[in-house]
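Student: Chain residues, written in single-letter form:
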Amino acid sequence: MIPRRSCWLILLLNLLNVQSLLDASWWSTVAQLSTALAGHNVKPVCELPGLSPGQAQVCELFKDHMPAVSIGAQNAIQECQRQFTGHRWNCSTHYSTGMLGPIHKMATREAAFTYAILSAGVTHEIGRRCKQGLLTSCGCSDETKPKNVPTDWSWGGCGDNVEYGYKFSRDFIDIREKEHDPKRNHDNGRSLMNRRNNEAGRKILKRHRKPKCKCHGVSGACNMKTCWMQLPSMEQVGKILRNKYDKAIRVQINDRGNLQLLADEATKERKTRALPTDLVFMDDSPDYCRFDRHSGTLGTEGRVCKRGSGGAEGCDSLCCGRGYNTYTQEVKSKCNCKFEWCCKVVCQTCNNVTQVDICK
Amino acid sequence: MAGGAVIENLSNRKLFVIFAGLLVIQIMFFLIGAWYAPSPSSYMEFEMITCRDETKGLSGEWIHRDNCQQISELSEYTPSSFDLREIVFIAKMPHTRDGIELEYSPWFQFLLGVLHVDVEYSEHFKYVAHAPLELEVRMGYRDKESKKNEWKELVTSNVTRILECTIAEDEKKAGGTYDCDMLDLFELGSSSYPFYLINIRIPINQQACQFDNKSANCQIGKLTGLRLIEIHQNGGFTLVWLWTKTFMTPVVAICLWWYYNRINQLARNPLLLERAILLLGLSLVILDFPIEWISLTYRIPFLLLISDLRQGLFYTVLFSFWLIFAGEHLIDDNTRNNLKSYRFNLSFIITASLGLLIYDLIERGIQLYDPFYSVWSSPTGSQIAYFAIFISAISTVAYFIFLFFKIARVWSTIKSKRSAQIYQTSENRRLKVEGVIYRFKFLMLFTLLCSAFTIAAYFMKQYGEAQLHGDEARDGFLTGSTSAFFTGAFGMCNIYVLLLLAMYAPSHKHYRGASQLIDENDDDEIMEDPSNQHTESNAMTTFLKPSTD
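Just so you know, the protein sequences line up as chains A and B, in that order.
For the first sequence, UniProt numbering begins at 1 and goes up steadily by one.
For the second sequence, UniProt numbering begins at 1 and goes up steadily by one.
Derived from the structure by calculation, the hints contain no laboratory data.
Among the hints, erroneous ones may be present.
What the hints assert, rightly or not - In silico SDA-like pairs for lysine to any residue, Cα to Cα no more than 20 Å straight-line:
1) B:K172 - A:S233
2) A:K239 - B:T177
3) B:K173 - A:Q78
4) A:K212 - B:D181
Claimed, not checked - Incomplete in silico selection of chain B near chain A, CB under 8 Å:
5) P38
6) P40
7) S42
8) E47
9) R97
10) L102
11) G175
12) T177
13) M182
14) I231
15) G236
16) D308
17) G312
18) Y359
A virtual CB, placed ideally from N, CA and C, is assigned to each residue, including glycine.
When you get a sec, could you build the whole thing from the sequences and use the hints?
Tutor: So, in structure tokens, the structure goes:
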């Protein structure tokens, strides 16, 4: 715990230093929340720049939920980066700067993916904390019980905690898209798109729960059976969303202010309907090859690529034809490790000489 | 009018009225479950928090939320000891809601815990299949009056379970997670304390692991967390259930008493079939008796065992009854009315029941002393358990094969007898016999109907459960059907036995306390037949007599 916290402190310091440079997505603010709340903070933490007025209000009301929101967001970013390792866009919010970059000014596929996974991450973490008993409001959720069952716990038991996480995530994240701001009216399509993608992330999390059951009738027979739902791991959610990213649907805003599906450029096929779990986007992705401050792309210069690989991580694709330099690198790695239960491995250090290709 | 059971002397109209009435009562049972009762059981999930305890548990101190030095990420933690007893997994049961501490209530009847072990794939800490997992578990309880963290010891136990996990080939990389079977952790036969605390340690003995890597906890892989699922019966369901039982017990008892008097009034000794029905009624009274009321005031952990035994008894008697019922209608068989002639077939039921009894006594019996005991945890124990259940299953299958065989024989006999005698006797006799056969068929069909209804209700229950766990849980009618299944099945059991008691009671015209059911005087012309004027015989012999003599 201690190393982690100190790491966060460094992160916070970094953030304070670079804040002025960044056109931060509000998510980076959220990622700060845990640091802000972890210490003995006297100053009101919910007045961080980036939170919308509505969010600040929810934050005040549910202060104990904010670390969960923050950790959830961090897990999501981590998963996003894992899903896109070796791609030109690698969820290019550098963890070292803890921010997602201005990429989200544009309504691209990447933005759609990020919003979806972040909202799923928050739902996931809130649900997990409920089960840990760290959030006193939801250890035993009131949700999804038939209406005729009294709310008394001893009468009818608890509802599903995921439902609580789902609702909280919806209330906290989507609220900024619903806040009526005259200046943002031209942006209406974007709000709709974000809400839709947020919802898709949460829905995917919810839909991929798996029931686990225990029979406990006479002699363990199945006439008495109790089932509960197991949440998918963030990795599974990431994988599913990655597929959805590939199949994301282009939309545009029509005169009535609704989202309208557009024909796919490749197949010229116009989809008639999109599932609630489909990701939607409006803009073309920018060129991720070059560093462009305006569009917020970092470029692929300096990225490690794989020579000879035909995939996205291959040098031809990743370096966008600029070529690559090859360096010889001595890598110290752990080897001959000895098992010691959960937390400790005793290893020898081996030196390996490898070649690394780095994009020009 | 002499002779026969009530059923034979009942007009079709009355029979219909009775059946309609029973159907209404059955529907009422179903509706009570569907409308008033919540689902029978519910769960609460706990993700156990990991804490650091420098004393390694030697101080005997309870680790709880307030003195927990939390380890936020287990994989990043560097322990200072080798046996890892300093890492404690804790869960306080139940959770809080809206800032209020929830409490377990005696209404919950039982409390059982299931453990999910989360194992991550790791190059270094390899999980090996069938790895033995040993947990040092301490379970404490707290009364309502005692202070917030004043925990008292309930059980301390060393729990050994086999960890069975699987992983897909493409998941075998850092961060991939195993899919592990859940482990039975504990089972409490009563839930009389409002709060429980569980401390779990997973010790490791480095020397033992080097010496023999099959020792406990050496091959469990990279454990990232424990999740505990606690299951209990819902208080609302207990209430509805207890009231139905309380309501039914006197009804069945009175009916049984009436039946008992009725067969005592006979000039002859009671027939085997009559005794079997009496026994069936008795076992139903035992099953119905709402002994659970006591558990709401007193702590009786053995209630779970008792309710298992009662159910076992009832089913044993019911199965035996079916066999005797079918056998007693085999007219050509001379060995009827003698329990000994059924011993071959009855032995199947006895074996099946004994097998399950032994299993239950070991599992639930030992759990009275150690709630963390599971017969499945040791190889010998699980062999015994498998053996007992296997034998029971085989015997049950054999029993049903014999039963259906017997029923088929009864049908064919009745058929042949009927076709043989229809042309022999007078028109009146023919009509009467037709009627009796019809009613027998009716009752047999009633049994079939009951089983069909039970099966249908079972599938409805499954459907309802599926609905409940779908994406969007709906609060439709069927979501409460799990309870409806239980009350419905319970009602059916009672109605079935009540009907048997009423219909198969010896009909006795001169009997004074006779109920409405048997005061039936339809056409008595047939009673001029001298052959059955002075003897009270059972139904089949009455109408089949002319054909057999």
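Student: Taking each numbered hint in turn, which are not upheld by the structure, reported in ascending numerical order?
Tutor: No hint contradicted; all consistent.
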